[in-house]
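Protein chains in written order, with our numbering: chain A, 1 to 272; chain B, 1001 to 1390.
It should be emphasised that the hints constitute simulated quantities derived from the structure, not laboratory data. Ideal placement from N, C-alpha and C gives every residue a C-beta, glycine not left out. Treat the hints with care, since some could be wrong.
[Said to hold, decoys possible] Chain A residues, not near chain B, derived (Cβ > 12 Å throughout):
hint, residue
1, Lys32
2, His210
3, Met236
4, Arg257
[Claimed, not checked] Partial list, computed: chain B residues near chain A (C-beta under 8 Å):
hint, residue
5, Glu1038
6, Val1108
7, Ser1356
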Amino acid sequence: MADNGSPAERGQPIIRLRGIRNAFGRQVVHDKLDLDVRRGEIIALVGGSGTGKSVLLRTIVGLNRPAAGSIEVFGKQILGMPAVERRKVEQRWGILFQNGALFSSLTVAQNIQVPLKEHLGLKGPILDEIAALKIALAGLPPEAGDKYPSELSGGMKKRAGLARALALDPEIVFLDEPTAGLDPIGAAAFDQLIADLRDSIGFTVFLVTHDLDTLATVCDRIAVLGEKRVMVVGTMEEMLQQTHPWIVEYFHGPRGRAALDAKARNEARLEG
Amino acid sequence: MSATRVDASGLLRLVDRQGGLRAELSGRWVVANVAGLERALTALPGESRKGGGPVGGRALEIDLSAVEAIDTVGAWLVHRTAARWQRAGGEPLITGVNEDYEVLLGQVAKADRPVPEKPRGHGRIARMIDGFGRSVSLAGKESLSLISFLGETIAALFRLVFLHPGRFRLTSTFAQAQKAGLEAMPIVGLISFLIGIVIAYQGVDQLAMFGAQIFVVNLVAISVLRELGILLAAIVIAGRSGSSFTAQIGSMKLNEEVDAMRTLGLDPIEVLVVPRVLALMIMLPCLAFFADMMGLTGGMLMSWGVLGIPPDVFMNRLADSVSWKTFAVGIVKAPFFAVTIAVVGCLEGLRVEGSSESVGQRTTQSVVKGIFLVIVLDAAFSIFFATVGI
Ligand SMILES: Nc1ncnc2c1ncn2[C@@H]1O[C@H](COP(=O)(O)OP(=O)(O)O)[C@@H](O)[C@H]1O
Ligand SMILES: [Mg+2]
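The task is simple: from the sequences and hints, build the whole structure.
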């Protein structure tokens, strides 16, 4: 998007987390967690299962109130923001939940139209046109619009969820394990789709993933969650220099190597 | 000669030129403005009836250089305008496109594809007749499937009792019995108590006209013991437990838990249905008994308060007016009602499909059908008892 926010926002991180603490009962999930997300980047959050990746994402979008810390998005404090202002902020981001979270009693097209109706109050044929556009952008066949979520495969549900997340042309999209459960070809296509959309629409992507191919091919930076905080943030190359045992295991394990090799092969092919 | 028309919203400026038009776009071409954008575009020929002049072979230059921001929806509108212009026989050209816009326009152009035609429906009367026919045949299928499901359940029950007693789920049965039975006691008791009071009060009014107030005891005893105790208990259980069976099993169905059970070699009827059916079969007679007692208590207190019939007189009169048969006729219906409610609840749960809306619909169905069938059965019992003379 040619729109990069007000001059004051430019250059500032689009998301700024400071001292986040999340706890469920006596189980502390995050403590003193800091993270900056830059405008226009694709940043991936990785970490073992149960380290609180989904919880962190839910915390940023306000579905989970942290016990301590501050969350700034678009340069504004999210916590304690008045409801009216919140609604405005919510229009500027889109979320793809881990399980799609499509409304099961609505068709895919109607799902996409929910934010258009709710936030923009749109009516008439333009709604159908926008839904068809988003369905196509998300790589779904045109017939998918009239289907109910229960009639879709797992991969199609992810795409439909993405189409809904993109309904308002958001400035940030949050994706929770977007390629989990997709076949490798579908996953690669999804990665490409996200990279393309980022290049054209220019949104910022915050994604949780375990997919090393996604990390290697489309992510600008990777944030590693562990020990209740973000341990390191950096590019794939920087990750490979890390010495923390978990990170070494993660990126230098057999799967990590395979993903990097695949990426190297691809690049060689493009150059050669 | 060139004329300039500026759209009021400042999003579009039209300039007439030699052999064509030039549309200078400005402002924010984003989804938040889409209503205004569509309105602005109506100024163009070919976009709407009132738009000026025919397209005829003329050129249209769409200039994006003054646009502040554009997103997929804005790009879509630009693309759509150009495409329509082309279809009308004109020559569109998009200029002032920087690299970002180019990618965006390319993407929306790729996304532009014919929308599949929706099949057209029939007329209203045809649809009404169709709907009526369908619902009749559906009702037939429903009763068949209910009976076959009842058969499956009974078969599973026998299998469990005689062939694999080890597979019987005792814990689950007791848990269901506690939820369906014990926890329903307060509400069943309260309702029956109040009904006992109401009957005594209304009865006294009528019987007093004949000076036969004392017969209020017979009235309360027979109506509560034969019909009302068990009916009230059954209706409360249909509303409370029938619905919860449907909702529980339905959510499991949505979550593919029922499918998972099948693949793990567990029979959903054995695991889910039998314990619930048994739980209600055990608990509904108990609840009916409790309802009987509470109903009689209500009647007794009312008779005492209004008529001055003391409890001991009431009790004596009760013993004279009803036999154990009256009580048995009521209670004997309980297991039948219990099976009906539980089987309907479970069957509706297993029928949930697709969406959470289906859970809601099925739950409603389960309660409505449960109560309906209980009352039909009750009528059948009345006829039966009358015929055999009990
Ligand atoms: N609503 C909740 N109540 C209690 N514990 C929760 C809740 N949500 C998440 N947790 C716990 O927080 C931890 C992190 O969960 P989550 O963010 O879902 O992990 P992941 O990193 O795999 O996405 C887990 O141990 C989970 O049990
Ligand atoms: Mg998660």
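Each hint, compared with the structure:
no.	hint	in the structure
1	Lys32	holds, 37 Å
2	His210	holds, 22 Å
3	Met236	holds, 24 Å
4	Arg257	holds, 33 Å
5	Glu1038	holds, 6 Å
6	Val1108	holds, 7 Å
7	Ser1356	holds, 5 Å
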